[in-house]
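Engineer: Listed below are the residues making up each chain.
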Amino acid sequence: MSSMTVGLPLTWRRIPERYGLIGSRCEICGANYFPVRKICPACRRKGKMKDVKFSGRGKIYSSTVIYSPPSGFELDAPYAMAIVELEEGPRLTAQIEDGSMKDIKIGTPVEMIFRKIQEDGKEGLIHYGFKFKVVR
Amino acid sequence: MRRVAIVGAAMTKFGEEWERGFRDLIAEAGVKAIEDARMSGKEIDAIYGGTMAAGRLIGQEHITAMIADYMGLNPIPATRVEAACASGGVALRTGYLAVASGIHDNVVVGGVEKMTDVSVGDAAVALGGAGDQEWELFMGATFPALYALMARRHMYEFGTTEEQMAMVAVKNHANASKNPYAHFQNEITVRDVMKSKKVASPLKLYDCSPITDGAAAIILAPLERARKYTDSPIEIIASSQASDTLALHHRKSLTTINSTVVAARNAYNMTRMKPSDIDVCEVHDCFTIAEIIAYEDLGFFKKGKGGKAIEDGETALDGRIPINTSGGLKGCGHPVGATGVKQAVEITWQLRGAAKSRQVKGAEIGMTHNVGGSGATCVVHILRRAD
Numbered sequence: 009m010s011s012m013t014v015g016l017p018l019t020w021r022r023i024p025e026r027y028g029l030i031g032s033r034c035e036i037c038g039a040n041y042f043p044v045r046k047i048c049p050a051c052r053r054k055g056k057m058k059d060v061k062f063s064g065r066g067k068i069y070s071s072t073v074i075y076s077p078p079s080g081f082e083l084d085a086p087y088a089m090a091i092v093e094l095e096e097g098p099r100l101t102a103q104i105e106d107g108s109m110k111d112i113k114i115g116t117p118v119e120m121i122f123r124k125i126q127e128d129g130k131e132g133l134i135h136y137g138f139k140f141k142v143v144r
Numbered sequence: 002m003r004r005v006a007i008v009g010a011a012m013t014k015f016g017e018e019w020e021r022g023f024r025d026l027i028a029e030a031g032v033k034a035i036e037d038a039r040m041s042g043k044e045i046d047a048i049y050g051g052t053m054a055a056g057r058l059i060g061q062e063h064i065t066a067m068i069a070d071y072m073g074l075n076p077i078p079a080t081r082v083e084a085a086c087a088s089g090g091v092a093l094r095t096g097y098l099a100v101a102s103g104i105h106d107n108v109v110v111g112g113v114e115k116m117t118d119v120s121v122g123d124a125a126v127a128l129g130g131a132g133d134q135e136w137e138l139f140m141g142a143t144f145p146a147l148y149a150l151m152a153r154r155h156m157y158e159f160g161t162t163e164e165q166m167a168m169v170a171v172k173n174h175a176n177a178s179k180n181p182y183a184h185f186q187n188e189i190t191v192r193d194v195m196k197s198k199k200v201a202s203p204l205k206l207y208d209c210s211p212i213t214d215g216a217a218a219i220i221l222a223p224l225e226r227a228r229k230y231t232d233s234p235i236e237i238i239a240s241s242q243a244s245d246t247l248a249l250h251h252r253k254s255l256t257t258i259n260s261t262v263v264a265a266r267n268a269y270n271m272t273r274m275k276p277s278d279i280d281v282c283e284v285h286d287c288f289t290i291a292e293i294i295a296y297e298d299l300g301f302f303k304k305g306k307g308g309k310a311i312e313d314g315e316t317a318l319d320g321r322i323p324i325n326t327s328g329g330l331k332g333c334g335h336p337v338g339a340t341g342v343k344q345a346v347e348i349t350w351q352l353r354g355a356a357k358s359r360q361v362k363g364a365e366i367g368m369t370h371n372v373g374g375s376g377a378t379c380v381v382h383i384l385r386r387a388d
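Sequence order for the protein chains is H and Z.
With the first sequence counted from 1, adding 8 to any position gets you my numbering.
With the second sequence counted from 1, adding 1 to any position gets you my numbering.
Keep in mind the hints are simulated off the structure, nothing from the lab.
As the structure is a computational prediction, the values presented were derived from the model and not from experiment.
C-beta: ideal position from N, C-alpha, C; glycine also.
Any given hint could turn out to be false.
[Unchecked claim] Taking CB as the label site, the calculated pair distances span: (1) ASN187/Z / LEU83/H: 33 to 41 Å; (2) GLY129/H / GLY42/Z: 47 to 55 Å; (3) GLU20/Z / LYS56/H: 53 to 61 Å; (4) MET109/H / ASP123/Z: 24 to 32 Å; (5) GLY320/Z / SER63/H: 29 to 37 Å; (6) LYS141/H / GLY305/Z: 28 to 36 Å; (7) SER277/Z / ALA85/H: 14 to 22 Å.
[Unchecked claim] The calculated lysine-lysine pairs, modelled on DSS-like cross-linking and capped at a C-alpha distance of 27 Å, are: (8) LYS253/Z / LYS141/H; (9) LYS58/H / LYS46/H; (10) LYS199/Z / LYS113/H; (11) LYS141/H / LYS357/Z; (12) LYS46/H / LYS229/Z; (13) LYS198/Z / LYS113/H; (14) LYS67/H / LYS253/Z; (15) LYS229/Z / LYS33/Z; (16) LYS229/Z / LYS357/Z; (17) LYS113/H / LYS229/Z; (18) LYS113/H / LYS43/Z; (19) LYS61/H / LYS141/H; (20) LYS58/H / LYS253/Z; (21) LYS141/H / LYS67/H; (22) LYS110/H / LYS196/Z; (23) LYS54/H / LYS253/Z; (24) LYS253/Z / LYS61/H; (25) LYS67/H / LYS199/Z; (26) LYS113/H / LYS309/Z; (27) LYS253/Z / LYS304/Z; (28) LYS113/H / LYS306/Z.
Produce the complete structure using the sequences and hints provided.
Structural biologist: Rendered as structure tokens:
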């Protein structure tokens, strides 16, 4: 079992954000957000949110290596996870792939890659989304 | 607003209580607390229960109705309060508001979690619900990983070390060994922590609070009537709560929990007190780094100096500000919904002078600090001897 058996509608709704790194920009204050937000936390009802596609480039803000994985991620462990700061400003949580673990330090440049994140057993949905890799 | 006192306090032994279920645990804590208040069940007007994940852990929702039933308290109103790991603290605050407002006179506040009826993996998944399910847990993050991300940043910004974090676990095990209700009764060394299994670097197994069963309960009454029930009423002089973003990655800083800063500031303002007025404090050490960050956010030490504070023994039982005399979440255990209530039980015992071999001499003012998730909820209470 994965962290929760995630239904098809939820997975389908999240495709633009998880596959394409679509977030929001508030046209009033200029702040960028990921994932999509309907209300700008700074401007609230005065804000005007518009979809925006982020470049997928960023750097490591903090990182860890997970040795004790949650259900559904056993085959991946140990794996690196980080909070990545995108060059447009927003931060997100993602796995870091394709780097030897010692390359991952605060400030290391990374870029988005498209990967399988988890699956609901052998016959269930396969959930895709973003991971990041170290830029060499 | 009426002044509110704690007139009864009790808890079960915390631990892996395989012989006892959810209903047994909360009934034991509730009955002992009512007896401690020399009250009859007929005098109770309402019950507030803090539990985080009963639906995932024992498959039962509608949990507070069940508690009222099993304690023989029907037909009084019974309300569940959920705020992840802060469920107990927020239940206490909800009970406090009910008594302060005059809506209810005598209130039971319970906290409970039965965690060992499911596998460790399933318990971890249930606890994951305290974070952002779609954008943290879905990606493969765990709760230790979120606190590891804070720890890594605290080490980077302030030079905090893994050994300093280990010292938090050592202190809290030492305190727990003096607490017969604690999950762990053994002392450990820095070397034990450093050699324990890696969980999410830099955190190791002994940096993490355990999966624990247990319950705690508090009886609240209007201060003006408190002497009817106890010789040593403890007044709740501040109850303060704040929130922050659900996901850790949305915070401006990973080395401070802003909900703690705001809740503590408001609590100090309500009482015109400052951190140095607090004699004893229970903080939310779900991971060792969380205790170090709490030292700073509650104002006991400057930002970045928490690691040095534990190293210098400032927060030990005989230190300048003893912290987590119960053993904390690390040593006493962390039955999630029970923790916030247990913190108030420990401080009540300390202020009554009833904490035996872990008593802080002359303690008159105490604080509890209960955090939900990675900091999306924080609730702070300041308690004072009222005799």
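Engineer: Hints first: check each against the structure and report whether it holds.
Structural biologist: Now the hints, each set against the structure:
no.: 1; hint: ASN187/Z / LEU83/H: 33 to 41 Å; in the structure: 35 Å, holds
no.: 2; hint: GLY129/H / GLY42/Z: 47 to 55 Å; in the structure: 48 Å, holds
no.: 3; hint: GLU20/Z / LYS56/H: 53 to 61 Å; in the structure: 59 Å, holds
no.: 4; hint: MET109/H / ASP123/Z: 24 to 32 Å; in the structure: 28 Å, holds
no.: 5; hint: GLY320/Z / SER63/H: 29 to 37 Å; in the structure: 50 Å, violated
no.: 6; hint: LYS141/H / GLY305/Z: 28 to 36 Å; in the structure: 32 Å, holds
no.: 7; hint: SER277/Z / ALA85/H: 14 to 22 Å; in the structure: 45 Å, violated
no.: 8; hint: LYS253/Z / LYS141/H; in the structure: 24 Å, holds
no.: 9; hint: LYS58/H / LYS46/H; in the structure: 9 Å, holds
no.: 10; hint: LYS199/Z / LYS113/H; in the structure: 18 Å, holds
no.: 11; hint: LYS141/H / LYS357/Z; in the structure: 55 Å, violated
no.: 12; hint: LYS46/H / LYS229/Z; in the structure: 53 Å, violated
no.: 13; hint: LYS198/Z / LYS113/H; in the structure: 22 Å, holds
no.: 14; hint: LYS67/H / LYS253/Z; in the structure: 16 Å, holds
no.: 15; hint: LYS229/Z / LYS33/Z; in the structure: 17 Å, holds
no.: 16; hint: LYS229/Z / LYS357/Z; in the structure: 25 Å, holds
no.: 17; hint: LYS113/H / LYS229/Z; in the structure: 61 Å, violated
no.: 18; hint: LYS113/H / LYS43/Z; in the structure: 61 Å, violated
no.: 19; hint: LYS61/H / LYS141/H; in the structure: 19 Å, holds
no.: 20; hint: LYS58/H / LYS253/Z; in the structure: 22 Å, holds
no.: 21; hint: LYS141/H / LYS67/H; in the structure: 10 Å, holds
no.: 22; hint: LYS110/H / LYS196/Z; in the structure: 21 Å, holds
no.: 23; hint: LYS54/H / LYS253/Z; in the structure: 22 Å, holds
no.: 24; hint: LYS253/Z / LYS61/H; in the structure: 22 Å, holds
no.: 25; hint: LYS67/H / LYS199/Z; in the structure: 25 Å, holds
no.: 26; hint: LYS113/H / LYS309/Z; in the structure: 24 Å, holds
no.: 27; hint: LYS253/Z / LYS304/Z; in the structure: 15 Å, holds
no.: 28; hint: LYS113/H / LYS306/Z; in the structure: 23 Å, holds
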